[in-house]
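Line by line, the protein sequences give chains X and V. Each residue of the first sequence is one higher than the one before, counting from 1 in the working numbering. Each residue of the second sequence is one higher than the one before, counting from 1001 in the working numbering.
None of these hints come from the bench; they were simulated from the model. Check the hints yourself; a few may be wrong.
The following label-pair restraints were derived from C-beta to C-beta distances [unchecked claim]:
hint, chain 1, residue 1, chain 2, residue 2, range
1, V, K1063, X, G183, 53 to 63 Å
2, X, G183, V, S1078, 16 to 26 Å
3, X, E160, V, L1249, 32 to 42 Å
4, V, L1249, X, Q156, 14 to 24 Å
5, X, W212, V, M1110, 53 to 63 Å
6, V, G1267, X, E122, 28 to 38 Å
7, X, S230, V, N1229, 57 to 67 Å
8, V, H1190, X, Q164, 41 to 51 Å
9, V, S1078, X, M39, 22 to 32 Å
10, V, N1254, X, V200, 22 to 32 Å
11, V, S1128, X, H79, 49 to 59 Å
12, V, N1127, X, G161, 41 to 51 Å
13, X, W212, V, N1229, 25 to 35 Å
Derived pair list, reagent style DSS-like, types lysine-lysine, alpha-carbon separation capped at 25 Å [claimed, not checked]:
hint, chain 1, residue 1, chain 2, residue 2
14, X, K92, V, K1166
15, V, K1250, V, K1230
16, X, K169, X, K159
17, V, K1132, V, K1166
18, X, K159, V, K1230
19, V, K1211, V, K1089
20, V, K1093, V, K1162
21, V, K1083, X, K159
22, V, K1083, V, K1250
23, V, K1132, V, K1162
24, V, K1215, V, K1089
25, X, K92, V, K1083
26, V, K1162, V, K1089
27, V, K1250, X, K173
28, V, K1089, V, K1132
Here are some, though not all, of the chain V residues that point toward chain X, as calculated from beta-carbon distances under 8 Å [unchecked claim]:
hint, residue
29, Y1051
30, E1102
31, E1108
All C-beta atoms in this analysis are idealised placements derived from N, C-alpha and C, irrespective of residue type, glycine included.
Read off the chains here:
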Amino acid sequence: MDFSLGDLNAPHSMGTTIIGVTYNGGVVLGADSRTSTGMYVANRASDKITQLTDNVYLCRSGSAADSQIVSDYVRHFLHQHTIQLGQPSTVKVAANLVRLLSYNNKNMLQTGLIVGGWDKYEGGKIFGVPLGGTILDLPFTIGGSGSTYLYGFFDQEWKEGMTQDEAEKLVVKAVSLAIARDGASGGVVRTVTINEDGVVRKFYPGDTLPLWHEELEPKDSLLDILAASSPEPMVS
Amino acid sequence: MSNNGGGESSVRITIDGFSFKSVEMNVADSAVAMNNLLGSEGDSQRTLYPYVTGTSVVGIKYKDGILLAADMGGSYGSTLRYKTVERLKPVGKHSIIGASGEISDFQEIMRYLDELILVDNMWDDGNSFGPKEVHNYLTRVMYNRRNKFNPLWNSLVLGGVKNGQKYLGTVSMIGVHYEDNHVATGFGNHLARPILRDEWHENLSFEEGVKLLEKCMRVLLYRDRSAVNKLQIAKITEEGVTISPPYSLKTFWNFAAFENPTAGAVGSW
Chain X
1 MDFSLGDLNA PHSMGTTIIG VTYNGGVVLG ADSRTSTGMY VANRASDKIT QLTDNVYLCR
61 SGSAADSQIV SDYVRHFLHQ HTIQLGQPST VKVAANLVRL LSYNNKNMLQ TGLIVGGWDK
121 YEGGKIFGVP LGGTILDLPF TIGGSGSTYL YGFFDQEWKE GMTQDEAEKL VVKAVSLAIA
181 RDGASGGVVR TVTINEDGVV RKFYPGDTLP LWHEELEPKD SLLDILAASS PEPMVS
Chain V
1001 MSNNGGGESS VRITIDGFSF KSVEMNVADS AVAMNNLLGS EGDSQRTLYP YVTGTSVVGI
1061 KYKDGILLAA DMGGSYGSTL RYKTVERLKP VGKHSIIGAS GEISDFQEIM RYLDELILVD
1121 NMWDDGNSFG PKEVHNYLTR VMYNRRNKFN PLWNSLVLGG VKNGQKYLGT VSMIGVHYED
1181 NHVATGFGNH LARPILRDEW HENLSFEEGV KLLEKCMRVL LYRDRSAVNK LQIAKITEEG
1241 VTISPPYSLK TFWNFAAFEN PTAGAVGSW
């Protein structure tokens, strides 16, 4: 393995690709589905987009355990908050709860999170909460180890005020590009779209994703290829 | 998503009492040995390390008050990850703060300062904290955290005007604090302050001050790897605080020597 144990100050790369983008009317959250322990893929169909409330979801990256426990605590506090408030929590409150846990336990936690949702006051909102517990209100953000391959892509392709369809297509394309190059990302692309009408989950299995450089059309077997090109078997 | 960096899988058992020794050791020497101890830790008494960081802040006194400049970058290691981070903020009526270092700690400092100013207002006694008081408060906060081996990983610039008196000071993450006619954090100390030592003078006009700061910021843009070309300049005078909208600087690359530097010595750089 080529991890440099000596460089304490370099941020840890986190196995995953997660994305949150705002569009005209809501947000789209996206993620891959690979959970790895070392070189082994422990779960090839994980769900990294976790519900916090009816209208706020969380993309998790980094340590699976840390991100799960943070999301469990935040879901618990938000549930209480919703009861006391008497109406759905705002995205900002959810994001700040995530921030509080991340910041106050920064020595122990290793998880980068993206909070996304819709509320009636501010509409669709995305908040990034990277390692350390900084909170940033952003029109879009990317996270996880796969995100390193997407900075250039988003610099070029992002635009303000997309339609829902454009935003979903952008997210799916981006996650699939990251999966192509990041060993720690893979599996399926999951998206969650949140707007005033509610929440819609979509699932894009690997075979529905576009093919990138040096990727070939998947086939059932070599035999089909041979049968297609000539009726004769291989000869030497 | 399970932690896969470097094969760490140990369970951390926290012990009361602190390992003074590990903090003292030179990180570069002991990095491999110490990684397991200083890695994802349960002992909050250890010194941490920053994740999302801002680079230099530069500040000068000028005729009517103080000018501060900082870019809007939030770096994540060597990646220039965030480019809309506001690192200059007003504090009360009479001061502005600029921060470099860990952004989450700066956000926490702003929460402390907002509470400080709120309580000050609640006294409703006609008095309000000026830059000297805010600077002193910050110094105490930073130094006391340093003493507990749990610093706020920031270098701060604090400037302001109150009752006609201009004030410009700085505090580091270990509590080192001083005031001067021009201050800077990080790379700014090495690149900007020499320029300011030569070209700063008493009674700079606003235009001269801005041009001087821009000269400094341009050099930082050329020579600081973590600089981004989007900055803000903040002005504070007796009248109040103004923070400019984000803007970018032009850069100059048209030197003959830049065009073909290895022409005379092929293979050199």
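If you draw a straight line from the CA of V:K1250 to the CA of X:K173, is it 25 Å or shorter?
violated (34 Å)
Residue hint V:E1102, partner chain X, criterion CB-CB below 8 Å
For V:E1102, the interface hint holds, since the closest Cβ of chain X sits about 6 Å away, which is under 8 Å.
Decide if the proposed pair is consistent with the structure: V:K1083 and V:K1250, CA atoms, cutoff 25 Å inclusive.
holds (17 Å)
Starting from the range 28 to 38 Å, see whether the pair V:G1267 and X:E122 falls in it by beta-carbon distance.
violated (58 Å)
Is the hinted range of 49 to 59 Å satisfied by the C-beta distance from V:S1128 to X:H79?
Cβ of V:S1128 to Cβ of X:H79: about 41 Å, so the range 49 to 59 Å is violated.
Range hint 41 to 51 Å (beta carbons of V:H1190 and X:Q164) holds or violated
holds (49 Å)
Compare the distance between the alpha carbons of X:K92 and V:K1083 with 25 Å, and conclude whether the hinted pair is satisfied.
holds (21 Å)
Tell me if the straight-line CA distance from X:K92 to V:K1166 falls inside 25 Å.
violated (37 Å)
Straight-line alpha-carbon gap V:K1250 to V:K1230, limit 25 Å
OK: V:K1250 and V:K1230 at ~11 Å, within 25 Å.
Are X:W212 and V:N1229 spaced within 25 to 35 Å by their CB atoms?
With Cβ atoms ~31 Å apart, the hint holds.
Between V:N1254 and X:V200, is the Cβ distance one that fits in 22 to 32 Å?
With Cβ atoms ~53 Å apart, the hint is violated.
Between V:N1127 and X:G161, does the C-beta distance stay in 41 to 51 Å?
Holds - the Cβ-Cβ distance for V:N1127 and X:G161, about 47 Å, lies within 41 to 51 Å.
Of the hints listed earlier, those the structure fails to meet are numbers 3, 5, 6, 10, 11, 14, 27, in rising order.
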